Amino acid sequence: MAWLDSLTPQAQFAFFTMLKIACVLGPLLTLVAYAVLAERKVSALIQDRVGPNRVSLPLIGGIPVIGPFLTKLGFWHPLVDGVKSFIKEDFTPAHVRKIYFWLAPAIALVPAFLVIAVIPFGSTLGSQKMVIADLNVGILYTFGIVSLGVYGIVLAGYAANSKFPFLGGIRSSAQMISYELAMGMSVVPVFLVVGDLNLSKIIEHQAHNGWNVFPLFGGGFSLQTLLLVPCGMLSFTIFFVAAFAETNRLPFDLPESESELVGGYHTEYSSMKFGMFFIGEYANMFAGAAMMTTLFFGGWTLPFFGLDQAADSVWKGLLHIGIFMAKMFAFMGIFIWVRWMLPRFRYDQLMDLGWRRLIPLALANIILTAAVLALTDR
Amino acid sequence: MIVKRNELTWFERLYLPALVGGLKVTARHFFNNITGKTKVTQQYPEEPTKVLPGYRGAPYLVRDQDGATKCVSCQLCEFICPPKAIRMTPPGAAGQPADRPNAEKMPKEFEINMLRCIFCGLCQEVCPEEAIFLKSDFSLTGLARGEMVYNKEKLLALGGTHGGVQKWKHKLEEAKEQETFPVKV
Chain A
1 MAWLDSLTPQ AQFAFFTMLK IACVLGPLLT LVAYAVLAER KVSALIQDRV GPNRVSLPLI
61 GGIPVIGPFL TKLGFWHPLV DGVKSFIKED FTPAHVRKIY FWLAPAIALV PAFLVIAVIP
121 FGSTLGSQKM VIADLNVGIL YTFGIVSLGV YGIVLAGYAA NSKFPFLGGI RSSAQMISYE
181 LAMGMSVVPV FLVVGDLNLS KIIEHQAHNG WNVFPLFGGG FSLQTLLLVP CGMLSFTIFF
241 VAAFAETNRL PFDLPESESE LVGGYHTEYS SMKFGMFFIG EYANMFAGAA MMTTLFFGGW
301 TLPFFGLDQA ADSVWKGLLH IGIFMAKMFA FMGIFIWVRW MLPRFRYDQL MDLGWRRLIP
361 LALANIILTA AVLALTDR
Chain B
1 MIVKRNELTW FERLYLPALV GGLKVTARHF FNNITGKTKV TQQYPEEPTK VLPGYRGAPY
61 LVRDQDGATK CVSCQLCEFI CPPKAIRMTP PGAAGQPADR PNAEKMPKEF EINMLRCIFC
121 GLCQEVCPEE AIFLKSDFSL TGLARGEMVY NKEKLLALGG THGGVQKWKH KLEEAKEQET
181 FPVKV
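Protein chains in written order, with my numbering: chain A, 1 to 378; chain B, 1 to 185.
Here chain A stands alone, though its shape is the one from the complex (with noise of 0.2 angstroms):
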């Protein structure tokens, strides 16, 4: 590592920065292309059907045993996925908006990527911090970021130019900018407990005070945490619902609807511009998952065997991001099984839960936690 330690600290921070980006984006690909394996087989078991079961590689699907068996899980199914994606013909409809129609997908891909960033995925490795970017303002970020999200499928409604991709946009710009609002409101209740906008801080304000979902939860026993509990399981409610809505899962997939919209935004999309979407939904997803680990579930820590603490050695780093995905797929499990439990909701239910329940509850929440934290002592 001798011309590691040659280089000047910016170099350094440059090269360290780009290994974890390296580190982060293709894990995070290969599990966007396996949540989709996995949504596809957790909704087949639910819908009691036998899910994909067809494709085995020639050596590997030779193996007793395990060949088969990985066959049956389906488990090359998104390498093939990804091929066919390639392969396919790319078809630009005749009327539609040529500049928009090409860039839509690149904007509805990229800010899901973005929101990963600032999250710390495990405590430490070595001497570095397992985050990205350590932000200040990490959470501010977030929602910047998160907000640019809609603008892919807008854009995409608008530059089909034809029907059902229009209502479409129409539908996602109105859902997620309300969404969007009950979603910042739920967790300034965190912000006025913590007390900072760092990612980074908020954890180790958990590993301390016990999660912000359940304050009690190795917060120790105190007036205060008692009283947050509510509080905090309200604000949990709140974000874990828009969390849904922004990203356009089940029962909030109003500017997808395949079944009234055919597709929705995406109806003229073909090809990998299709798999861009695709992939954008899915890196939502583990946006979000990862968002409510770290704001509410502790994110990296558990409060057992001294977890909660920084990592000294490799294996407890490498421990520390274990827990940390653990809690993630935990989280892209009830996604999955959430989708096969509520139907669609009409578009007024829709405006009216978010406008009409979801940003007054979160305002009193925000009132409710400034309260106790006044009223009580730590």
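Wrong hints could be hidden among the right ones.
Derived DEER-like restraints, expressed as beta-carbon distance ranges [to be verified]: (1) B:GLN43 - A:ILE87: 53 to 61 angstroms; (2) A:PRO68 - B:LEU23: 28 to 36 angstroms; (3) B:GLY121 - A:GLU260: 34 to 42 angstroms; (4) B:LEU14 - A:ASP90: 29 to 37 angstroms; (5) A:ILE87 - B:LEU8: 50 to 58 angstroms; (6) A:ALA370 - B:PHE31: 37 to 45 angstroms.
I should point out that these hints are in silico values taken from the structure, not numbers from a laboratory. Everything numeric in this text was worked out from a predicted model, so none of it was measured. Quick reminder that beta carbons are idealized off the backbone N, C-alpha and C, glycines included.
Place chain B on chain A using the hints.
Just chain B now, with coordinates in the frame of chain A:
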């Protein structure tokens, strides 16, 4: 008819009971499926289908116990076949005789066009010789239309043997016994 719509209670309007109910239903289906309690679709090419007795599959010609062609070229099946899938060429006056003693003749060529066949079973029903049967094959494939016209050789090979009364053989034996009858005494 007027359906009475009950006012929802405040608890129901929270959406929560419906949410929990929905989660329970989906979770139950999920766990029943992974523990194998749910009956799922049969995975056809990997799990072969069981064909029950009496199933009407593809019609094939059969041989008797001695390996002789049972068909006597009467052409009844050809006449009754609703989609005209069967085409038979009789041996003609100077044709090859039957490959068993006492039977008058056998077809020179016997073709079933499996693309036309509707698997109705009338050929089996009308056959006075029990020479054609609907077997259990149901997935007939070919790369060209010509391949789907099965000739006599192929039909006989696929049909296998079918036991039963060998009436021409018995008639021959009877006739022989008639000739030797008085001498026996």
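Do the Cβ positions of ILE87 (chain A) and LEU8 (chain B) conform to the proposed distance bound of 50 to 58 angstroms?
Roughly 52 angstroms apart at Cβ, these two residues keep to the hinted range, so it holds.
Is 29 to 37 angstroms respected by the C-beta to C-beta distance linking LEU14 (chain B) and ASP90 (chain A)?
violated (47 angstroms)
Given the hint of 28 to 36 angstroms, check if PRO68 (chain A) and LEU23 (chain B) actually sit that far apart at their C-beta atoms.
holds (33 angstroms)
Do the Cβ positions of ALA370 (chain A) and PHE31 (chain B) conform to the proposed distance bound of 37 to 45 angstroms?
Hint holds: Cβ distance 43 angstroms, inside 37 to 45 angstroms.
Pairwise beta carbon distance, GLY121 (chain B) to GLU260 (chain A), judged against the given window 34 to 42 angstroms
Taking Cβ atoms as reference, GLY121 (chain B) and GLU260 (chain A) lie about 47 angstroms apart, which means the hint is violated.
Is it true that GLN43 (chain B) and ILE87 (chain A) lie within 53 to 61 angstroms of each other by Cβ?
For GLN43 (chain B) and ILE87 (chain A) the Cβ distance comes to about 28 angstroms; the hint is violated.
In the structure shown, a violation is registered for the earlier hints numbered 1, 3 and 4, in ascending order.
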